[in-house]
Amino acid sequence: MSAVATDSVALAPTDYLLHLADNALVLGQRNAQWCGHGPILEEELALANMSLDLVGQARLLYDLVARRAADGSTEDTYAYWRDASQFRNYTLLELPHRSPLVGYAQGDMDFAITVMRNTLYTALMVPLWQQLCDCSDPDLAAIAAKSLKEAQYHLRHACDWLVKLGDGTDSSRQRMQGALEHLWPYTAEFWVSGKLEALARSAGLLVDGAALESSWNAIIDAVLEQATLTRPPAPEGYVSEGKVGVHSEHLSFLLAEMQSLARAHPGAQW
Amino acid sequence: MPQEESIWTLLEQVSDPEIPVISLLDLGVVRQVKVDAQGWLVVITPTYSACPALSQMADDIVSTLQRAGWGPGRVQTQLAPAWSTDWISPRGRDRLREYGIAPPAPIHSQASDGARVLHFLPRKPLAESVPCPRCGSEQTTQTSRFGSTACKALYRCLSCREPFDYFKPY
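Read top to bottom, the protein sequences are chains A and B.
Mind the numbering: the first sequence is residues 1 to 270 in my numbering, read in order.
Mind the numbering: the second sequence is residues 1001 to 1170 in my numbering, read in order.
Note that these hints are calculated values from the structure, not bench results.
Glycine included, every Cβ here is placed at the ideal spot set by N, Cα and C.
Each hint should be verified, as a subset may be incorrect.
FRET-style restraints, in silico, Cβ to Cβ [to be verified]: (1) A:D221 to B:L1158: 34 to 42 angstroms; (2) A:Y238 to B:K1034: 53 to 61 angstroms; (3) B:G1136 to A:S193: 56 to 64 angstroms; (4) A:S193 to B:E1138: 34 to 42 angstroms; (5) B:K1034 to A:R201: 57 to 65 angstroms; (6) A:T169 to B:R1091: 49 to 57 angstroms; (7) A:D221 to B:Q1078: 33 to 41 angstroms; (8) A:A222 to B:M1001: 53 to 61 angstroms; (9) A:H265 to B:G1136: 50 to 58 angstroms.
Here's a subset of chain A near chain B, in silico, CB distances under 10 angstroms, partners left out [to be verified]: (10) S136; (11) A141; (12) K146; (13) P185; (14) A188; (15) V192; (16) L196; (17) L199.
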């Protein structure tokens, strides 16, 4: 497979790579739930295509971790054989497509949640991948360059819908505002500088957190204004901790379904 | 080097698993060919991160070279620099068109998606105009930005009324 970078460069820590990979895999899996249930056929294709992009990014990152570990693990080891507490994704991404505005009795998925979550996440990933294109880890920089192209495209798609539905009918605006208020507190996790960030910094992988936050705010403010939505106040209270392995109750259900086939036939090869 | 040249020639027979009329060379995914003490080496670049055809391409390269009598060797993937549709050769573009897929417009002619994320336009078209691969008319319109594979969009021609795939600039 690909050549692995030597020790003369600063390599991204494993946990950081897994954080990036888990974000992509969990969101890819979540969005793929729309398969067969999309609001319109074109959106079926769009969500499936974008999920495929995300899974591709996750595969590249897991594969990189496996090659560096050189312990016989593969991308499958990380995707299928870790449990919820070992995943490092933001809690935002594992939440079901359900908002308080959609009754639990229906169990229906709310497209507003999907669109809002995709916007909040991709608005972070575009500036982050841009920064990582220049990072000191050459393998991660190469993955960033490919992922950036895809993230820009995902951001545009999410924003298109956000504007269309936000600046839409009274009903669509109400659902979009509801989705924004429901998901907003989960974005506080993006800015908490904890163990993961300290690890990255000490490995020489410098991500400018302040610049990232300011880019994210600029994108979000611009799209919310065009969508005629109101930015909620800064979140207070509990900050979710998915990136350090403390997840909501939703992740284990998502993983159980995703991992069931591999776990039913351990070691199986196509 | 003559050995490497003969491998390049063999690679012309390896076609894209999805689009049989275009070879890996025409696609621009083969980056390097080398023969050394460990055998032969072919370095390829993936198109989309999640393109499922990549592993098939690697298998096809191995089986083509083995059938031609080459001994042990390996296929390596290299991510950087990232592949772009601009790397598709002119012959590759002709072959796509003959097959009924409109070839991608050059990247530099697109307004960069990334630079202007703050300025949202509903339904921005993928290109200034995409000529119909059957009748050549420029009166075409996008049906869906997403098509049968990650790399294609669905268009239809307003002149000859036929649908066709468009290979998206990337």
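Hints versus structure:
1. A:D221 to B:L1158: 34 to 42 angstroms: holds, 39 angstroms
2. A:Y238 to B:K1034: 53 to 61 angstroms: holds, 56 angstroms
3. B:G1136 to A:S193: 56 to 64 angstroms: holds, 57 angstroms
4. A:S193 to B:E1138: 34 to 42 angstroms: violated, 53 angstroms
5. B:K1034 to A:R201: 57 to 65 angstroms: Cβ of B:K1034 to Cβ of A:R201: about 38 angstroms, so the range 57 to 65 angstroms is violated.
6. A:T169 to B:R1091: 49 to 57 angstroms: Cβ of A:T169 to Cβ of B:R1091: about 51 angstroms, so the range 49 to 57 angstroms holds.
7. A:D221 to B:Q1078: 33 to 41 angstroms: Since A:D221 and B:Q1078 have Cβ atoms about 39 angstroms apart, the given range 33 to 41 angstroms holds.
8. A:A222 to B:M1001: 53 to 61 angstroms: For B:M1001 against A:A222, whose Cβ atoms are near 54 angstroms apart, the range 53 to 61 angstroms holds.
9. A:H265 to B:G1136: 50 to 58 angstroms: holds, 52 angstroms
10. S136: Violated, because the Cβ-Cβ distance from A:S136 to chain B comes to roughly 14 angstroms (cut-off 10 angstroms).
11. A141: holds, 7 angstroms
12. K146: OK, holds: A:K146 within 10 angstroms of chain B, min 5 angstroms.
13. P185: violated, 24 angstroms
14. A188: violated, 23 angstroms
15. V192: Violated: closest Cβ of chain B sits about 25 angstroms from A:V192, beyond 10 angstroms.
16. L196: violated, 23 angstroms
17. L199: violated, 24 angstroms
Hint compliance for this structure: hints 4, 5, 10, 13, 14, 15, 16 and 17 are not met, and every other hint is.
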